[in-house]
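This note's numbering puts the first residue of the sequence shown at 134, with every later residue one more than the last.
Lysine-lysine pairs mimicking PhoX-like chemistry, simulated, CA-CA at most 20 Å apart:
#, residue 1, residue 2
1, Lys149, Lys216
2, Lys176, Lys194
3, Lys163, Lys194
4, Lys163, Lys176
5, Lys163, Lys216
6, Lys149, Lys198
7, Lys216, Lys171
8, Lys205, Lys216
9, Lys216, Lys198
10, Lys197, Lys176
11, Lys194, Lys171
12, Lys197, Lys216
13, Lys197, Lys163
14, Lys149, Lys197
15, Lys171, Lys205
16, Lys198, Lys163
17, Lys194, Lys205
Keep in mind that the hints were calculated from the coordinates and are not lab data.
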Amino acid sequence: MTANGIGRPEMDLEEKALLLRTLGHPVRLKIAAGLAGKCACVKEIWECLRMPQAIVSQHLKVMKKNGILDAKRDGVRVCYSLKNEMMAELVTVLLGGK
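Turn these sequences into a full structure, and let the hints guide you.
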């Protein structure tokens, strides 16, 4: 058993807490929900959210930095997607799905 008492490394728990804090913002959770199972470019995301591009870009930057999103450049476009299936499952659980 580790110092945290549940048999997992402390860093692992810190990373999970950061993930949950990041998804705790309503805009970021909405972005993650919209990207479950697909990818989209910044323009598609901000048009869907009806928010200024600069604000959406800042949220995407935070989500990428904290390990929630992957970004793939396609010419001048940058397409974002959830980093892995676990992220999609987490978003589903947070939104009350199965």
